[in-house]
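There are 2 protein chains.
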Amino acid sequence: MKAAILAVGSELLTPLRSDTNALHLTAKLLEIGVEVVLRQTVADDRALLAASFRHALERADVVIATGGLGPTEDDLTREAAADALGLPLHRDAAYLEALKERFKRYGRPMAPVNEKQADLIEGAQLLLNPRGTAPAQIHEAAGKMLVLLPGPPFEMQPLFEAAVLPVLRERSAGAVVKTRVLRIAGLGESDVEQIVAPIYKTFQNPRTTILSAPGQVELHLVAEAKSDAEAERLIEALAAPIREALAGRVYSEDGRDLVQVVAGLLKAQQHTIALAESCTGGLLAARLTEIPGSSAYLGRAFVTYANEAKIELLGVAATLIAERGAVSEDVARAMADGAMRSARSSIGVGITGIAGPDGGSAEKPVGLVYVAIAGAAGDRVRRAQFPGERDRIRFQATQSALEMIRRGLLGLAPLS
Amino acid sequence: MKAAILAVGSELLTPLRSDTNALHLTAKLLEIGVEVVLRQTVADDRALLAASFRHALERADVVIATGGLGPTEDDLTREAAADALGLPLHRDAAYLEALKERFKRYGRPMAPVNEKQADLIEGAQLLLNPRGTAPAQIHEAAGKMLVLLPGPPFEMQPLFEAAVLPVLRERSAGAVVKTRVLRIAGLGESDVEQIVAPIYKTFQNPRTTILSAPGQVELHLVAEAKSDAEAERLIEALAAPIREALAGRVYSEDGRDLVQVVAGLLKAQQHTIALAESCTGGLLAARLTEIPGSSAYLGRAFVTYANEAKIELLGVAATLIAERGAVSEDVARAMADGAMRSARSSIGVGITGIAGPDGGSAEKPVGLVYVAIAGAAGDRVRRAQFPGERDRIRFQATQSALEMIRRGLLGLAPLS
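Protein chains in written order, with this note's numbering: chain A, 13 to 428; chain B, 13 to 428.
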């Protein structure tokens with residue numbers, strides 16, 4: 013079974029933006045053994061779009077289009093797809109009503125332009141979009157499947173996974189391709205490579221790819237097999253020795269990121285955490301509260317950029333700051349203690365450093381960060397020198413704090 | 013003059029790799045007034061490739077292909093392009109000799125498979141590739157130009173710039189294409205469309221595209237002209253009435269995002285700001301401290317998830333929370349006042365709401381957020397009902413706060 017992906021929108025053909033949906037769809041399709049043979053990004057031009065749909069329909073069994081389902085005049089995907097199939101569009105009365113209701117619920121009048129979002133290709137099935145006003149549609153005829161999905165990834169992805177992927181899985185009876193992602197924090201790409209290459213090189217299936225991202229490294233193990241169970245067996249045969257060689261560094265194998273893993277540990281062990289952030293400016297708090305239900309473990313956090321804030325809110329001694337400097341091991345410790353005391357939490361975190369681009373010196377260069385944890389995850393402090401720009405330094409500092417907490421809660425040795 | 017780009021290679025259709033040449037080519041083409049209307053990534057399949065070339069040649073004046081010019085069996089770009097044009101390939105004797113010489117120079121024998129790299133479409137011009145063995149070729153006929161370039165970016169880019177771009181510049185008669193992006197917060201896509209469509213529809217040049225993102229809408233104004241100055245004049249002729257119709261809603265025309273604009277205003281007006289965040293959990297602090305030099309305006313911020321934190325750190329009256337609820341206009345105001353008082357700053361912000369997915373009720377549903385600002389940007393409070401999931405609700409709440417501050421600092425009417 014072969015697929016073509018069509019991303020619609022002139023904005024995706026400018027240097028300012030690019031399509032990210034195709035990559036997501038390619039990965040998901042591969043998992044069910046559907047190979048993408050053609051990807052097109054097409055400007056908002058009805059004739060060009062229709063010709064591109066025809067080209068894709070001639071060469072692939074499944075054509076998945078994203079974008080161009082909005083209410084504006086530029087949104088021409090419905091019209092062009094119908095042109096390519098030689099079918100008319102019908103306005104779906106029930107959906108039109110639902111659309112009007114939706115606007116009413118948010119207390120806004122519905123502009124007439126929105127009505128065309130209820131237009132459906134004759135014979136197509138409408139798929140409700142819980143996160144937006146543009147529904148998806150699937151049309152099947154003559155062994156070809158055409159799927160129209162909204163463009164915003166947060167609308168497209170859940171719709172695709174809930175309503176399209178199961179249908180495709182049923183139609184495609186091919187080989188199964190499974191990927192497991194092993195995530196590692198606190199080690200660089202070449203260090204990970206050094207440790208795991210002798211292991212994965214002895215395996216043909218799964219294939220292994222190492223990917224580096226700020227603050228973490230990922231190992232992608234890709235196995236091909238006749239069944240899910242067999243693919244999982246093949247993957248585990250390689251994952252087990254890798255896991256052992258990395259000695260507790262693999263923090264996730266199920267798609268969860270580090271903050272999800274730490275949030276899970278805090279909830280499971282019924283801990284509460286309080287934060288005092290200087291150079292990360294609230295980024296760790298923002299990450300820890302991204303998780304639904306985060307109020308179970310986080311009640312308060314402090315952003316203490318200014319020295320007076322550290323002194324007044326966290327009780328850091330002014331003399332300590334004067335003697336050791338705001339960016340120092342002792343101040344990081346005092347911040348963690350102060351946050352924990354204020355919140356009466358079981359764990360405290362203090363982060364102080366120089367995120368740059370200004371404020372560095374020979375002795376304390378940009379990228380120098382002290383992270384301290386206190387309380388139930390152990391009393392530990394780590395001095396790190398992070399590479400990169402402000403954004404990356406800040407992110408890596410939060411990763412470091414999270415990995416320190418994870419290791420502390422699991423009783424693993426401190427992060428070096 | 014319209015262009016299509018065709019990236020060749022099955023490896024570009026896997027989740028692990030993607031084509032980066034297209035973005036580079038798009039930017040370079042735009043600078044000389046050539047608009048890319050179609051981008052295709054195509055698997056190594058001769059029939060599919062030929063059909064994709066035909067599709068591109070029918071819809072564009074220039075077709076630029078990258079990749080598939082190597083010596084292996086998978087390298088089929090030459091063959092497929094010739095198929096699409098209905099022309100034969102000829103082996104270029106002079107280039108074949110040069111190729112053999114090249115191998116000799118590096119002391120390696122030339123494998124016979126390499127010979128096909130000397131194959132040229134009948135009537136095409138060969139462009140020497142100083143960085144690799146695959147030459148480029150240009151074929152022109154019937155007003156259409158077809159360009160085949162090698163895939164590796166360090167081979168493709170210098171070849172394109174030295175040998176292809178000058179030809180295209182000459183053909184395209186020196187037009188310049190400029191884009192200006194107008195960013196708008198606090199209005200939905202269809203509301204913006206309603207207001208600006210009557211204006212931009214009367215303009216053929218610039219063309220206007222509306223793009224929606226969480227918490228903001230973008231208008232892309234793309235003008236084509238003989239010179240930079242003329243393009244700017246054309247853009248301003250449309251931007252001026254749009255700006256007026258949107259009455260202060262356009263917060264940026266120079267690429268800056270909302271947080272950069274607000275940070276700039278705070279610095280220019282020498283204000284300091286303190287934050288008290290509940291449902292946004294530090295996201296506003298993290299955003300405001302992304303900006304280098306943010307310590308000039310932000311000294312401290314509070315994440316007060318728990319009621320005790322609101323009471324103890326911000327001085328919110330326990331009775332107020334008991335009577336009005338933690339998610340209420342009065343508590344948002346008290347949080348803004350408390351943060352401002354603690355920091356002795358000129359501006360305070362309080363945000364309280366229900367980010368979900370849990371914690372909503374009929375009276376106070378998920379997505380309900382109160383944002384209060386206090387002090388030098390005015391005392392204002394806004395009740396908003398944001399659509400979407402936790403992430404989006406939190407982001408929109410921070411956008412709302414930033415837009416309120418911006419309007420306050422500029423003396424604009426409050427956000428409705």
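Think of the hints as simulated: they come from the structure by calculation, not from any bench. Treat the hints with care, since some could be wrong.
The list cannot tell twin chains apart, which means a pair is met if one copy fits it or any two copies do.
In silico lysine-lysine, DSBU-like type, Cα no more than 35 angstroms apart, as pairs [what the hints assert, rightly or not]:
| id | residue 1 | residue 2 |
| --- | --- | --- |
| 1 | K116 | K156 |
| 2 | K116 | K213 |
| 3 | K128 | K238 |
| 4 | K213 | K156 |
Quick rundown of the hints versus the structure:
1. K116 to K156: neither (38 angstroms within a copy, 52 angstroms between copies)
2. K116 to K213: Intra 59 angstroms, inter 29 angstroms, cutoff 35 angstroms: inter-copy only.
3. K128 to K238: Neither: 42 angstroms inside a chain and 38 angstroms across chains, both beyond 35 angstroms.
4. K213 to K156: Answer is within: at 31 angstroms inside a copy they meet the 35 angstroms cutoff, but 38 angstroms across does not.
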